[in-house]
Amino acid sequence: MSFEPKILGIACNWCTYTGADLAGTTRLQYPQNIRVVRVMCSSRINPSFIFRAFQLGADGVLIGGCHPGDCHYNTGNLYARRRLAVTKKILEFSGMEPGRFRVEWISASEGNRFAEVVREFTEQIRDLGPQTKFKISQ
Amino acid sequence: MAISFEQIEQHLKTEALKLLESGKVILVLAYGRGYDANHPMPYVAKHPSDVDNIVFNEYCTANLARYLTRYPRRTKIAIAVKAADSRAVVQLIQEDKVCREDLVVLGIPVYGMKNFKTGEVIDSKTTGGLYNPVLYDILLGEEVHGQPVSSPYDVLAAYEAMDKEERWAFWQRELGRCIRCYACRKACPMCYCDPCFIDQNKPKWGEKSPESPGNLMYHLTRFHHLAGRCIDCGECSRACPVDIPLYLFHKKVAKDCEEMFGQAAGMSIGDKPVLVNFRVDDSDKILE
Amino acid sequence: MLKKTTIDKLPELAACLMEKGTLVAPVKEAGGFNFRAITDAAQVDLIFHNTILSPKTVFFPQTEDFVRYSVYQPILEAKPVEPEIRPTFLFGVRPCDVKSFEIMDIHFTRTGVPDPYWRKRRDATIIFGFAFDTSEEADPAEFYHTLGIGAADPDGSDVFMLRRDDVLFLKAVSPRGENLLGGLAGLTDAAPDERKYFDDYIAQGHDYKTRYTCVDAEAIAKEFEAIFHNTDFWTKVSNACLSCGICTFVCPTCYCFDICDETQFGQGVRRRVWDACMFTDFTLEASGHNPRTQVYQRLRQKICHKYSFHIRKYGPISCVGCGRCTRYCPVNIDIFSIVEQAVQAKWYKRM
Amino acid sequence: MSENNPYIPMPVEISKIIDEVDTHDIKTFRFTFVNKDDEQKFVYLPGQFAELSIYGKGESPIGIASAPTDAGYVEFTVQRAGAILPGLVTSALHDMDEGGRIGLRGPLGHSWPIEFLEKKNIVVVGGGFAFTTLRSLVKYMLHKDNRSRFGDITVIYGARTPGLLCYKDELAAWEKRSDIKTIITVDKGNETWTGREGFVPAVCKDVAPSPENAVAVICGPPVMIKFTLPVFFELGFSKENILTSLEMRMKCGIGKCGRCNVGYKYVCSDGPVFSLAELEDLPRDF
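Chains as they are written, first to last, in our numbering: chain A, 5 to 142; chain B, 2 to 289; chain C, -15 to 335; chain D, 39 to 324.
In isolation and in its complexed conformation, chain A is listed as follows (with noise of 0.2 Å):
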């Protein structure tokens, strides 16, 4: 059976959930391997998260959130910029696939843009195959 990425996104409610929304009314195509949940901002993201669902077995991590300076509490994301940079620097450090952890500013008018990086980024976790060193062993 071929691989079949999990991903899971955890998206901002002002904007990329938004865009993640007007992408499935415009029925827009885009891979099933993303499960989304919805935060009230991408700064509410706490990188215990992202290892957390690496471990529980997630192969990929998409977060998305407002353009800089778009932020709906006006300076979330941009705290939240500087945050998942240390994540990102340090799940490298640890020997994590530095490929396996995304952020993207999507805002709730790019329905096409959330469409087309979850398609890209199922394709990167695709070719990088399943993510096996956080994952618990069951």
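I should point out that these hints are in silico values taken from the structure, not numbers from a laboratory. Worth double-checking, as some hints may not be accurate.
Simulated crosslink set (DSS-like; lysine-lysine; CA at most 25 Å straight-line) [to be verified]: (1) B:K205 with A:K10; (2) A:K139 with B:K165; (3) D:K219 with D:K243; (4) C:K63 with B:K205.
Per label pair, the in silico range of CB-to-CB distance [to be verified]: (5) D:P260 with C:Q188: 42 to 48 Å; (6) B:R74 with A:E120: 51 to 57 Å; (7) C:Q251 with B:K203: 18 to 24 Å; (8) D:D135 with C:R103: 50 to 56 Å; (9) D:R139 with A:R39: 28 to 34 Å; (10) B:S50 with D:P268: 37 to 43 Å; (11) C:E3 with D:T107: 58 to 64 Å; (12) C:R147 with B:E121: 57 to 63 Å; (13) A:Q142 with D:E278: 54 to 60 Å; (14) C:D216 with D:I56: 47 to 53 Å.
Since this is a predicted model, take the numbers as computed values, not measurements. The beta carbon of each residue, even a glycine, is placed where N, CA and C say it ideally should be.
Knowing the structure of chain A, use the given hints to seat chains B, C and D on it.
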């Protein structure tokens, strides 16, 4: 010029005595004699007569900034700090855990400190490349100059050169040995959360038993919590009973933070910790 | 019966024991020595002073599984875990650590409800005691002599071992040891002068002084009861304490544990995991009440438990002077110095 | 290893849930044993406790609220903990329905000293939902086979409001009986409350039970105990004749895990019942 530990000890005693006698501070955080001369321990002098018990030698590596958060605010404290320790004090001031006004910082310019467990000189590993405290009210002795100034990140080279599989294997092996005594977080001056995320039971982030998944979760999150805050004193690695080189990961994160945000932890009390700060023009490149 | 072999033939002896069961012996690791189940006979290394973790790990491992369960299935489906217990040879245990097993026996099996795990593991194990090298200078952290334990005390071991340069002497102390030693190939009988050397060494073990004081358990217990509420004293001795768990984890006589349910993907195991009285949440009740929020209260609990409560409840001091807590303490707190200070505390004018 | 392993719970089924108070965070759970032999093994006396065990959540030590005279079941009155820490077990239990199955480990600890109490006058003082093991004691003493073994029984029970009184039906029944004197008080009444108002210590002073051949059995929140003890001193009760039940964080319940150690006692295996004289012998570290 060789460092004279006796001289520093003498200075320390004199200043501590002055401060305690004048009532400027009610306690002095310094070093006292442990069970033998090679094992000094942190010591709290509260009375002028306690000052005689203060010692200072090459084994006084403990970072006393760790104890600052234990005392209530507005406790007037004098604290003896070496270079890295002074950065911890600065960082704590930045984070508003202690007040600058409550502190009298006794700076100790020193090199050649040794790990009391192994006898190894720790300068190159964990002093952040500094020999002189970055913040002090009273300097005990003269500033150190002429020592080889090495980048604190030099020791990382070998690890950065590893490919990701090797690195993964390395950290799996090292973190796998962790017995979860939590000495690293307890020795760390910047770890003051109560309760620590790993002790929470809802949500439960990691298991209590010392097995790989829980260990990985605990350490990675701790590295993350200390990103941009770790002041590179190396206490976590020295405290570790099974010698896990935690300082390497902390250094790596510190290096990345410095590269990305252009600011090292605990260098100036006017700074804001990098992760509770942002610049509108931070580049999106850092996410790539 | 005194037998001997040479250090370079140690792998042969190890291989012999591994055939009969599980061999647990000191192994050199990144941070120092530790007792591990041996998989390769060449791993056994007797050129060590003492291990980081005490050999209590063999009878009381850091995690012990009780029950396996699934959160999706009814409670009747939960299966108790049968620990795999094979005949075990615990090789190279220092005399003070051997003594610790007796002290732990009182707690785990000889009083109250016996602990089945400790008992089964203990019954399955033959202990090879190993004398300290008395030609070395005593380690400043150790004080077993002070607690009445000799550097070469064979009490409690089944077989007692002694190294003289590259010769290893083995003497059966208990009938179990006698049985075992008789059946081990590759050992030769020791000569009469070697027997004398062995006996002399054991006798002289008691002269090997680690610290120059002696303690009376009852008196110390009373002393600690008297100063229990002396907050100033306890604050003073705990000023440096970080309240990490090193001292309790490396201690051969610390037995506190937590019972945790660890669930992953709906499948879980209820297990006991070492816990430490030095942790903030050790006594934190669900109501939010915590009787020991301060560092001094926790250090006081630890020390008084070992040097006072244990004596009153069970008899012996719950400490064997192995010095691990002192050696691995990140801030060099020495438990015995605190005991000494406590004894003198009455006469201190201003503690 | 499953035989006689003190760490492995026996399965029980919730046969009845009684919502005790108007805040709905205290419920009494009635359990019946799934295996009938377990019922034979579960022999207890009032004052003992047991570990309620839910796999995946953990264990929680709770005092037994039913009396040994109640055949066929055991009851526990459980408060949903979580003011400060999420009480995983108690929350999960509160979310369960009748017919749900959990684990039970016990009975653990020492009971109220029944032999010592015999032929004496008993003053039972309780506050809030800490009344559980006292209810067990009262039920036990009131049973027709046991009533003659004890002297006069006085129950003083208080709660913050009328709605927070537990076991309301039983209290009403006790009030009607002539062989027990029942005094119920609330800190603050409401429109429909016709009984006493006042704090437990004050009521104790008011009722002033005679110390003659009497034992006071006190259980309640720490602040109530703190102010009630002096009252009984003044009334002339000796320290040996004042009994209370101690609370500490527990895990194993059998004196092995070291968590509930206070002085030379383990609260679980040496307690939880202590006389005031015994408590004074322990360091104040609980």
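Here is what the structure says about each hint:
1. B:K205 with A:K10: Roughly 23 Å between the alpha carbons, so the hint for K205 (chain B) and K10 (chain A) holds.
2. A:K139 with B:K165: Roughly 16 Å separates the two Cα atoms, so the pair holds.
3. D:K219 with D:K243: holds, 15 Å
4. C:K63 with B:K205: Holds, at about 24 Å.
5. D:P260 with C:Q188: 42 to 48 Å: violated, 57 Å
6. B:R74 with A:E120: 51 to 57 Å: holds, 53 Å
7. C:Q251 with B:K203: 18 to 24 Å: Holds: the Cβ-Cβ distance is about 20 Å, inside 18 to 24 Å.
8. D:D135 with C:R103: 50 to 56 Å: Violated - the Cβ-Cβ distance for D135 (chain D) and R103 (chain C), about 40 Å, lies outside 50 to 56 Å.
9. D:R139 with A:R39: 28 to 34 Å: Given about 32 Å between the Cβ atoms, the range holds.
10. B:S50 with D:P268: 37 to 43 Å: Holds, since S50 (chain B) and P268 (chain D) (Cβ atoms, about 41 Å apart) stay within the stated range.
11. C:E3 with D:T107: 58 to 64 Å: Holds, since E3 (chain C) and T107 (chain D) (Cβ atoms, about 60 Å apart) stay within the stated range.
12. C:R147 with B:E121: 57 to 63 Å: Violated, at about 28 Å.
13. A:Q142 with D:E278: 54 to 60 Å: Distance hint for Q142 (chain A), E278 (chain D) holds at roughly 58 Å.
14. C:D216 with D:I56: 47 to 53 Å: holds, 51 Å
Against the hints set out earlier in the document, violations occur for numbers 5, 8 and 12.
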